[in-house]
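K.L.:
Please build the complete structure, drawing on both the sequences and the hints.
Residue numbers (the numbering used here), protein chains in the order written: chain A, 20 to 298; chain B, 20 to 298; chain C, 150 to 340; chain D, 150 to 340; chain E, 114 to 491; chain F, 114 to 491; chain G, -8 to 78; chain H, -8 to 78.
Each hint should be verified, as a subset may be incorrect.
As the list claims (entries may be wrong) - Computed list of lysine-lysine pairs in BS3-like fashion (alpha-carbon distance at most 25 Å, straight line):
(1) K297(A) x K310(F)
(2) K120(E) x K157(E)
(3) K380(F) x K314(F)
(4) K412(E) x K120(E)
(5) K442(E) x K441(F)
(6) K466(F) x K366(F)
(7) K282(B) x K261(A)
(8) K486(F) x K412(F)
(9) K225(D) x K119(E)
(10) K314(F) x K33(A)
(11) K118(F) x K39(A)
(12) K486(F) x K152(C)
(13) K314(F) x K300(F)
(14) K466(F) x K193(C)
(15) K152(C) x K248(C)
(16) K412(E) x K466(E)
(17) K416(F) x K366(F)
(18) K412(E) x K375(E)
(19) K113(B) x K161(E)
(20) K113(A) x K438(F)
(21) K157(F) x K120(F)
(22) K366(F) x K380(F)
(23) K157(E) x K113(B)
(24) K119(F) x K225(C)
(25) K412(E) x K441(E)
(26) K325(C) x K304(C)
(27) K325(C) x K228(C)
(28) K375(F) x K416(F)
(29) K161(D) x K193(D)
Because the hints were derived from the structure by calculation, they are not lab data.
Small disclaimer: the values here were computed from a predicted structure and weren't measured.
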Amino acid sequence: MATTEKQKSDITHKYLRPQKSFPSVWCPGCGNGIVMGAFVRVVDKLGYSKDEVAMVSGIGCTSRLPVYLDFNSLHTTHGRALAFATGVKFGQPKMKVVVITGDGDALAIGGNHFIHACRRNIDITCILINNHTYGMTGGQGSPTTPEDAISTTTPYGNVEKHFDPCDLAMAAGATYVARGTVTHYPQMEKIISAGLEHEGFSLIEIISNCHTYYGRLNRKGDAPAMLEQFKENAITTGKAKKMDEQELVGKYVIGKLHEDNVKSEFCCEYQKLIDHQKG
Amino acid sequence: MATTEKQKSDITHKYLRPQKSFPSVWCPGCGNGIVMGAFVRVVDKLGYSKDEVAMVSGIGCTSRLPVYLDFNSLHTTHGRALAFATGVKFGQPKMKVVVITGDGDALAIGGNHFIHACRRNIDITCILINNHTYGMTGGQGSPTTPEDAISTTTPYGNVEKHFDPCDLAMAAGATYVARGTVTHYPQMEKIISAGLEHEGFSLIEIISNCHTYYGRLNRKGDAPAMLEQFKENAITTGKAKKMDEQELVGKYVIGKLHEDNVKSEFCCEYQKLIDHQKG
Amino acid sequence: MSKLLDKIEIPKDRFEIRLSGSGGQGMIFGSVVLCEAIGQSGNKSVVQSQSYGPEARGGASKADVVISDNEIYYPKAMKLDLLLAMTQESLDKYYGDLKDHGVLIIDTSLVTEIPTEEFYGIEFTRLARNEIGSIVVSNVMALGAICALTGLFTKEALTEAVLARAPRGTEERNTKAIEIGYAEALKIKKD
Amino acid sequence: MSKLLDKIEIPKDRFEIRLSGSGGQGMIFGSVVLCEAIGQSGNKSVVQSQSYGPEARGGASKADVVISDNEIYYPKAMKLDLLLAMTQESLDKYYGDLKDHGVLIIDTSLVTEIPTEEFYGIEFTRLARNEIGSIVVSNVMALGAICALTGLFTKEALTEAVLARAPRGTEERNTKAIEIGYAEALKIKKD
Amino acid sequence: MANKKKKLLQGNGACVEGAIYAGMTFYAGYPITPSTEIAEGCAKILPKLGGRFIQMEDEIASIAAIIGASITGHKAFTGTSGPGYSLMSESLGYAYMTETPIVVVNVQRGGPSTGLPTKVGQADTMQARWGTHGDYNAIAIAPSTVGECLTETIRAFNLAERFRTPVTVLLDEVMGHMREIIELPEKGDHEVFDRVKPTAKPEDFEAFEMTDNLVSPMPSYGEGYRYNVTGLTHDVHGFSTNRTDETIMKLDKLYNKIEHFKDEIFKSRVELVDDADVIFISYGTVSRAALQAMQIARKAGAKVGSIQLYTIWPFDYEMIKRATKNCKKVIVAEMNMGQICHEVQKVLDPSIKLETVQRYDGEIITPMELLEKLEEVL
Amino acid sequence: MANKKKKLLQGNGACVEGAIYAGMTFYAGYPITPSTEIAEGCAKILPKLGGRFIQMEDEIASIAAIIGASITGHKAFTGTSGPGYSLMSESLGYAYMTETPIVVVNVQRGGPSTGLPTKVGQADTMQARWGTHGDYNAIAIAPSTVGECLTETIRAFNLAERFRTPVTVLLDEVMGHMREIIELPEKGDHEVFDRVKPTAKPEDFEAFEMTDNLVSPMPSYGEGYRYNVTGLTHDVHGFSTNRTDETIMKLDKLYNKIEHFKDEIFKSRVELVDDADVIFISYGTVSRAALQAMQIARKAGAKVGSIQLYTIWPFDYEMIKRATKNCKKVIVAEMNMGQICHEVQKVLDPSIKLETVQRYDGEIITPMELLEKLEEVL
Amino acid sequence: MSDSNQAGQEKTTPKKKSKYDFTDDNLPLEINLSWCKACNICIAMCPQQIFEPDRDGRPVQTRPADCTQCTICWVHCPDFCIISTVK
Amino acid sequence: MSDSNQAGQEKTTPKKKSKYDFTDDNLPLEINLSWCKACNICIAMCPQQIFEPDRDGRPVQTRPADCTQCTICWVHCPDFCIISTVK
Ligand SMILES: Cc1ncc(C[n+]2csc(CCOP(=O)(O)OP(=O)(O)O)c2C)c(N)n1
Ligand SMILES: Cc1ncc(C[n+]2csc(CCOP(=O)(O)OP(=O)(O)O)c2C)c(N)n1
Ligand code: SF4
Ligand code: SF4
Ligand code: SF4
Ligand code: SF4
Ligand code: SF4
Ligand code: SF4
Ligand SMILES: [Mg+2]
Ligand SMILES: [Mg+2]
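P.N.:
Right, dumping it as structure tokens:
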């Protein structure tokens, strides 16, 4: 099933849903499409069959992603993707369960399911596309909207603090945590791949552009301009270690932030319980 | 209003609700009462007026606490105490708003409000009485139930991992975080006092005994026995620094874990916004 | 068609039992075991219900059992055929629910004020302490007495039911308690 | 009493306008400004509504305005009195909603196939590009034309309404666009 | 009158204006189409007036926060749509039980579930009455124009404060997004009902005192009364109780404070029913189609009337009975598969035939559809 | 028969036994009084049978997880009480919309809000029909004995799978906690309906195909069909749509798959109504009081009948009409302030007087109360 | 359970001497037995072993003279039953 | 925005030479213009500046010979419009 590097540019089409009309509903240049490409290329490389992959999402622009791809797809209620996914994974542990979620979906309304999925260390790969806003509803502030940023619900600048989703995931118990951006392509493939192969809960945060709302309201320019900014503001984990907190303000530390291959995975533990009790 | 050290033993009665019948509904020896005593002694020491204190709780044995005390009390729905408290504090920023919550209330159903209250750094003091179980409903597993522990919903030992509420709070943005136990009395008073005086979100986790369920199911003995165990298993932050992860398993690190007096508080920030916009 | 209420009577095929006492006296355990003993002794219908919630944590405690050869409609007691009162408080509270000439069994080691002459008094608690060395089995002893007084179930079925539920290591104590309760009741049984 | 449908007619006090074009042509902005111009020009009732959701992101776009001297009951268009079509797609889609002899205004720089002779054609987009140097103001130019053709509001009110909503620095462009639209329409107005 | 300030407003925006007029000073919410403009409007205006806006982490937190704020003395407000309204149901029940005044606007979209987020519906009507568990009594009202979005929101706050209860305002997508030019009311144009505060001394104060109108005066936290608020069944002091007499007293109070004073809540627009053969019954946006159809039909000689409900809950059965007594048929029109029509059915004289026009495809009912139905039944 | 295994079980425990009998292999839940024993029972038994139990972080996550598990092929189950049921309403709507079979037991306690957690109530009856936003059709059933807790739970799973829809089982605190000795059914004693799987090739498969009985075969994830599931209004392929025709088709399907086949769902126990002057109508635990009162009254010479509803929703209006046609009065008895009585009212002949016995103080209705009412109305 | 605990089981009276002059007539504590739930905490925790349980498990001050007013019993009583007599 | 970016504005053709033999007749890429949303990403990101926008903003391969098949344009195209002609 896997494809060679050479054919990389068109293998994506193998995974697009034949029945879905393209192009997507996303705005021109929306980073969601870039992540979608990276994801299917990784799946192809890893050689997963289409039937063994289940993609679960909530509600938001980001959460529309699974609908375009020819896997088992579950487009759920806002914020609940990880809870549904927990049912899918625990119900059918052999499946590769991937959650595609936005910063609002995962961290605002869905924050509780997020930390509990981390805590259980259930083998789900969660790709969180962080565009710092609620794109779908038109650019409101989200839990990752930076301080002072403008959104339609913070018209005078955001007075709230923002989450670092990776920090939260680590504190809650996730065993693979990494960050990338839509501009850092090979690295993005790498961390998605590592997340999929990791046995346990993995969070892959991808910094992405919603130029339509977040970009426009905060004068960040169009899609290419925002992509360029991500390049400028990304700091690798290695470099970041040498910088102090002040220097890191407004920067994105990218790379693998945490990996723990010792902690046991939830479904495996439960299987042991079954094996023991069924006797 | 404050009382001298000498009268410590009976000043609690000044704060008991005259209309409420005592003793409380709690089981003999339940740690909730010990925390209640510490709390009112601190309030007395700090000299707060009864009218300026609002106590908010969810549902659970722990959450019954505010009802006994002669402050403004708001006994809400399960898990939502911090969300209600956010309304109280933001609605009336002059009040001292204290949330009393259990491990189930704060971290299971209420996990999202917990991390978001931390993130906003709203000036609420959250006293989380962690008895590692759902006492009120009869001893089910909670997000702080240790691995392998028995509960009525983990009859063969818990296969899930548990949260460290303090880690979670720090990652989410809380600016004062400390842990104590019901056995370490003066230290408990100290951290509750520091939490109340801190401007910003403070989490005070108190390890407590539910011998009726958690203790009985896990053969931990009666209330005095469990209190004794807390004494044995508590490690001060200083000592803990010298220990590795393995040595810390099953121990409680007690003391102040985090304090940040720089990060601005939510209501203050909003007040600045009002001042600016009202002009 | 009025005066309906004057004509009605509670169906005779129902036998209603209430076990009452304080929180720690194991009335609920007793009622469950009683049901199981009846279950093993034939084809009767049985419904058990109990007070739940705050009441159940300390304080007074009660459990009702309704028994019938037929389908049991209303699952709670309407007018008790048998009341076991292990404390003064429970006797005071529930005596009024006992039907005229209903069976009243009282732990006379704890209950002193009794509003009737028509009762069976056995010092369950004292006997449990003195004869067995543990007051915990006073409830099981009372079941032994009920067995002897009503014949609703056999002593063997009762013993089996108790032993199936009691913690390991308590078999002897419990068996002895049943025997004592049974024997004491036989002594005072009126036929 | 049947044949009701044969007897009915749409109330004459309603004037229904639809502005239609593609997503980027500012039809919604145009409709809002149009409402405000009308609001400033007297005591008329006005209701504006628009297509929302996916449709609103790219693709076809439409906004309706209903105007009346009286209370407006039904808020959406029933049979259009005026249709502005800025693209071929929108003309094709909405022409059928225009009442007989309704006012049809077409951007003839973009629309080529027109199913009727009865229309006002102005090359809004070409004029905007050539005369003002920005096609963004083609919608405002169309409003100038509507002003001239219907007299529903004054040119001054329109200008004021546009300037109140347009970004700073675009005042001149917009004023000019109104003037051109107004003038071009007057040239071809049939009375 | 002529000199009043006029403004072109969306229905959602008019709700904000109405709330501000009524004295709303606290908004907590979570964005959802098609209600988001309410939150956005409040975010903009509240700090300018010294009020407070907070975007919460979800709808559950939003309703919790406004209940908390209401207890500190604010007139508190939130806006949402179906999915958010469903999430609010548990804590909405808490507001009923604790008798906390709040106003919730539900801008209805197509359902069930995520449904049609950008399309119109009226299928949350029954939910507004029965959405949370347990027994209670509910107030829900429905405007039909942008101007009424403003005035009915004022009325919602007045009812919430007068009856110490949550009030739901049912809008729909079309109304929320439609724009009309409306006159902005000035001070004094509309009555504003402010919360009744206790006059008793704190030591004599009973938080849930039984009063003549069954509504207890409500102090704010910090005013010296220090009472207990709980969602458990509680006695007059606010302390939880299991007693049957106190339980009955509490539940009867919740029910009867509305039932006994429902005439203060009912509001409807009854047009030309006296000689009507057929009467439209409708609410919200649909009423505008009904009035339009009535107007057109009357001109064409048909004897048609219209009943528009502004108050949906409590349901005004008596008015329906009265207003329909001379007619032959009624046509209940709603944008759902049939909700209010069942209420009408309950009181309709058996001799009157109930017909329905129902649309649940995300589009609004047109006057033409009503006229076609009319032709069919006449 | 005589040799069947007997067991003393609580109502909650019998639900677990019934679910296991029906093939339930996945439970996700969150503890709440008075339903907790259902979760505890499942935690104990499921791993022994190779099934899966998970305690989720809340009720929202619980229903989400069982929907997810159902889609992977499990018969999936949860138990809760009023507050949890309210929290589930949004995702319950998702299950209606996506036509996902799940069974939810609601062990009702006193409401509203936290109410009386350890006391009995029946006030979530209307909520079981109208609790979530939007239009849909709902199935809710109510046992009245411990034995029926078992058999009705089997029926609930059968209905859920047969109709591809959530089914609510309404218990109450008394029933959940009461114990009875029941016979445990053996294989074959009760029908077990298993999910209908598609037979089409994946390339010809339409996930929400229109079939004769309006229920589409449902594959599990991983079986090669790779379809899309969404809470948005969707077409036959499962892809979201805004088209009016497809919207109508979807909503009609949701409604009619139940409406057209409701005879398969209806279940009631109708006793001695033919010659009855007065008929009790009730459901759940109250029916036992009604049957008792009927028995006693008949003995005393009064002509009394009883209708017990096992299926609450869809409501069997026709049966009520038929069964009451000879009587003079009906007494609707329920442990709430009046919910099902309004449904009965809708179809009752105007000549028949509807009386009610309602109790909402946390205690169950007794036969004596019913007999007193009987005396009053006879 | 731990070594220190086992040592405690020996019930050797700790050394620290009270600076107060408590006697059976001048008790160190007032105990509200009507609120006491007999949880045993005060009895178990008192470093001076002042208490012994009565028949119902409630504390009786059997060694009042040794009380050092260390506060331990009253701050750990979950039911606010214990009040010092020292003002 | 940054120095490197300003340098880029000079539009000096980068040095790296293509190992492929692309010409106007042998284009490096197939571009599905019917899916293209004219987002400008490929145009802006190509290090060889292969593209120029057409009237509608869609990419035209104006300097095909310089394409190094570096993958950047196609992996960043959010709409899967760009496919390499190299098999
Ligand atoms: C219960 C509920 N509340 C609110 C909404 C409205 N809503 C839809 S998407 C969304 C935010 C999406 O933000 P994010 O997850 O960051 O995705 P993005 O659109 O930015 O990709 C919101 C609030 C909803 N659909 N359901
Ligand atoms: C929505 C909802 N779900 C579940 C419950 C049942 N419930 C009451 S308290 C509780 C757990 C309490 O645990 P915790 O917060 O740790 O308090 P504790 O009793 O241990 O002090 C639960 C699950 C409820 N009341 N409401
Ligand atoms: S609104 Fe933002 S997130 Fe949504 S598709 Fe457009 S650019 Fe992407
Ligand atoms: S059950 Fe546990 S938490 Fe609750 S009162 Fe008893 S000891 Fe305390
Ligand atoms: S004050 Fe200290 S020494 Fe005195 S009785 Fe209490 S615990 Fe013992
Ligand atoms: S600690 Fe308090 S409640 Fe416990 S035994 Fe001592 S006095 Fe009684
Ligand atoms: S492959 Fe590289 S060099 Fe070639 S066009 Fe794409 S980005 Fe430019
Ligand atoms: S990146 Fe793709 S969508 Fe964007 S302009 Fe290039 S080809 Fe078109
Ligand atoms: Mg986002
Ligand atoms: Mg707990």
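K.L.:
So which of those numbered hints doesn't the model satisfy?
P.N.:
1, 3, 4, 5, 6, 11, 13, 14, 17, 18, 20, 27, 28
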